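Engineer: Sequence:
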Amino acid sequence: MSAADEIASLYDRVIAALQGEAVDCQEAIDSLPYPAYMTDADGVLRYWNKACADFAGRTPATGRDQWCVTWRLHTVADDHLPHDSCPMAVALKERREVRGEIAIALRPDGRRRAFQPYPTPLYDANGKLIGGINMLVDVSEEQIPALAAQASHYRKVADAISDREAAAMIRRMADGCDRNAEALAAANA
1 MSAADEIASL
11 YDRVIAALQG
21 EAVDCQEAID
31 SLPYPAYMTD
41 ADGVLRYWNK
51 ACADFAGRTP
61 ATGRDQWCVT
71 WRLHTVADDH
81 LPHDSCPMAV
91 ALKERREVRG
101 EIAIALRPDG
111 RRRAFQPYPT
121 PLYDANGKLI
131 GGINMLVDVS
141 EEQIPALAAQ
151 ASHYRKVADA
161 ISDREAAAMI
171 RRMADGCDRN
181 AEALAAANA
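In UniProt numbering, the protein residues as written are 1 to 189.
Worth double-checking, as some hints may not be accurate.
[To be verified] The calculated EDC-like cross-link candidates involving lysine to aspartate or glutamate, where the alpha carbons are at most 16 Å apart (straight line), are: (1) 50 - 79; (2) 93 - 40; (3) 156 - 138; (4) 50 - 138; (5) 50 - 30; (6) 93 - 30; (7) 128 - 42; (8) 128 - 40; (9) 50 - 27.
What the hints contain is simulated information worked out from the structure, not anything from laboratory work. As the structure is a computational prediction, the values presented were derived from the model and not from experiment.
Please work from the sequences and hints to get the whole structure.
Structural biologist: If you want it as C-alpha cells, here you go:
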C-alpha cells in the first residue's frame, strides 16, 4: 500500500468514526498524525489538533478563523488564494469532498509549506450539513522538483507562443513556481 493509500485509509476511518453516533470528535482528530481541524457549516473553526499550530506556524483562532488554519494561502504558481476560495471553502459551499489539490501555506515567519488538503463535509443523520473536517498532508519535499519542472514547462510554452500578453502571463506563472520551489527548499534545508 502506498503512502497516499495509507493516508486515505486512515482519513476514511476517522471520517467514518466522526459520522457514527457516540464518537469523541476531538479524540478522533487528535488521533491523526497530520494537521487536522473541524469547522461548522459556515466554515468557522471549531477544533484543531496540535499539529495544525506546528504546521501553520501560528495558533489558530477557534471560533474566529474561517475555512483554514493557515495564515495565508497561495497557489503553486504563487498567486494569492483567498481563504474563502480554499479547498475547505469549496468543499462546504459545494457540499463535496475535494481531492488532488495542492496549496502553499505561508507562515507568519515567512516560511512556506506545500500541502495536499483532504476537506470533507460532515452531515447529521438527516443529511443536513453540520460542518467539515480537513487534514493537511505536507508535500513540500515532493513539490520542490515538481514546481521547478512546472516552471520549466511554463517557460517552454511561453517561448512557443506569439501572443506577448499571454506569454508574459505564463512567464509570471513560471516565476511563481520558481519562488515557491526556492522558498520550500529554504524551509526544508
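Engineer: Evaluate each hint against the coordinates.
Structural biologist: Here's how the hints hold up against the structure:
For the hint pairing residue 50 with residue 79, the CA-to-CA distance comes to about 28 Å; that exceeds 16 Å, so the pair is violated. Restraint check for residue 93 and residue 40: the C-alpha separation of about 12 Å stays at or below 16 Å, so the hint holds. Between the alpha carbons of residue 156 and residue 138 the distance comes to roughly 29 Å, so the proposed pair goes past 16 Å and is violated. For the hint pairing residue 50 with residue 138, the CA-to-CA distance comes to about 15 Å; that is within 16 Å, so the pair holds.
As the CA atoms of residue 50 and residue 30 are separated by approximately 8 Å, the hinted pair is consistent with the 16 Å bound. As the CA atoms of residue 93 and residue 30 are separated by approximately 25 Å, the hinted pair breaks the 16 Å bound. Pair hint residue 128 plus residue 42 holds up; C-alpha atoms about 13 Å apart against a cutoff of 16 Å. Pair hint residue 128 plus residue 40 holds up; C-alpha atoms about 12 Å apart against a cutoff of 16 Å.
Only pairs whose Cα atoms come within 16 Å are accepted, and residue 50 paired with residue 27 is accepted, the gap being roughly 12 Å.
Hint violations for this structure: numbers 1, 3, 6, all remaining hints satisfied.
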